[in-house]
Amino acid sequence: LRPHCLARDRLRLWLPIGARAAQNGLNITDADLDRILAVITVSWAQGTRETYGAGLLIFHVFCDIRGIAEELRCPASSVLMLTFVTSCAGAYSGKTLANYFYGVKAWHTLHGQPWVMNLTEMKAALDGAAILAPPSSKRPKRKPFTPEFILSLRSALDLSKSLDAAVYACLTTTFWCAARLGEFTLPTLKAFDPEIHVTRSNMRYGEDRHGLRVTVFALPFTKASKTGEDVYWARQEGLCDPQAALANHFIINNPPANLPLFSWQHP
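Sequential numbering of the sequence shown, starting at 17, is according to our numbering.
One thing to keep in mind: the hints can contain errors.
[Claimed, not checked] In silico SDA-like pairs for lysine to any residue, Cα to Cα no more than 25 Å straight-line:
id	residue 1	residue 2
1	K139	T162
2	K157	L167
3	K139	S153
4	K239	V183
5	K239	L167
6	K206	T243
7	K242	S93
8	K206	E66
9	K111	E137
10	K111	S241
11	K242	D174
12	K111	D80
13	K139	V183
14	K111	M133
15	K242	K177
16	K239	Y118
[Stated by the list, open to error] Distance windows between CB atoms, simulated:
id	residue 1	residue 2	range
17	A107	A240	39 to 49 Å
18	S168	T57	37 to 47 Å
19	D80	D174	48 to 58 Å
No lab work stands behind these hints, which were simulated from the structure alone.
In this text, all values refer to a predicted model and were calculated from it rather than measured experimentally.
Positions of the beta carbon are idealized from the N, C-alpha and C atoms, including for glycine.
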């Protein structure tokens with residue numbers, strides 16, 4: 017039921033006792049069922065699937081420790097999920113525990129199992145768990161990025177070096193576009209996907225609603241929009257100018273049109 021696999025694949029590969037089955041009378045085959053799983057799975061971003069997969073593991077560990085039978089894990093009862101959440105309270109942050117709860121819900125949805133919860137009770141339990149979160153799970157508030165802070169970072173960089181040039185161009189572009197850092201960067205060097213990550217070919221020049229010249233980046237995919245969106249910046253005065261930083265990056269690194277926008281030369 018639960019083969020060894022990556023966290024992002026657990027929602028799909030870990031099967032509940034009551035998983036969908038082929039039905040001869042309806043001419044529904046195993047291939048049809050696999051297609052159902054494949055299509056529903058992509059409704060969650062890969063990062064979300066990884067988080068939910070981690071939560072699903074914790075849920076099953078909890079059930080193993082408590083001796084919960086497989087048929088009682090899915091569909092899960094409201095009291096089982098309340099016990100799971102409250103048992104974990106104090107060990108995880110409120111956000112993490114909420115993600116684990118919704119991971120179990122996603123598992124039910126993916127495999128066509130009913131999800132009947134007392135939402136009022138669950139919200140109260142999750143709110144309480146957030147209050148009881150360990151201090152180590154709460155990050156102190158950080159100061160906001162400002163042009164002055166960016167300049168202090170610039171003073172520690174050598175913009176004639178490949179990595180530093182790419183970092184500063186990425187920093188200024190993300191800042192002046194008011195974009196999420198993850199929309200312009202990759203989690204790992206091998207994670208590049210042109211359908212998700214911005215490339216040099218996604219850049220163009222245009223005008224904003226005031227007729228001012230801007231540099232536009234067509235993000236193929238964002239956390240808020242799976243169809244992507246356009247973000248842009250205009251030239252700025254001073255050393256924080258994203259236009260100058262990007263031009264320097266192109267001189268130093270000259271990334272190909274089909275590779276990540278902020279590619280740099282590394283071993």
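Hints and how they fare:
1. K139 - T162: Since the Cα atoms of K139 and T162 sit roughly 37 Å apart, the hinted pair is violated (cutoff 25 Å).
2. K157 - L167: It holds: about 21 Å lies between the C-alpha atoms, which stays within 25 Å.
3. K139 - S153: Holds, at roughly 20 Å.
4. K239 - V183: holds, 22 Å
5. K239 - L167: At roughly 28 Å apart (the allowed maximum being 25 Å), L167 and K239 break the hint.
6. K206 - T243: Given pair K206, T243 holds - Cα atoms ~23 Å apart, limit 25 Å.
7. K242 - S93: violated, 33 Å
8. K206 - E66: Satisfied, since the Cα-Cα distance of roughly 17 Å is no more than 25 Å.
9. K111 - E137: holds, 17 Å
10. K111 - S241: Answer holds: K111 to S241 is near 22 Å, not above 25 Å.
11. K242 - D174: violated, 36 Å
12. K111 - D80: Between K111 and D80 the Cα gap is close to 24 Å, so the pair holds against 25 Å.
13. K139 - V183: violated, 41 Å
14. K111 - M133: holds, 19 Å
15. K242 - K177: violated, 34 Å
16. K239 - Y118: Roughly 17 Å between the alpha carbons, so the hint for K239 and Y118 holds.
17. A107 - A240: 39 to 49 Å: violated, 30 Å
18. S168 - T57: 37 to 47 Å: At roughly 44 Å between Cβ atoms, T57 and S168 fall inside 37 to 47 Å, so the hint holds.
19. D80 - D174: 48 to 58 Å: Hint holds: Cβ distance 53 Å, inside 48 to 58 Å.
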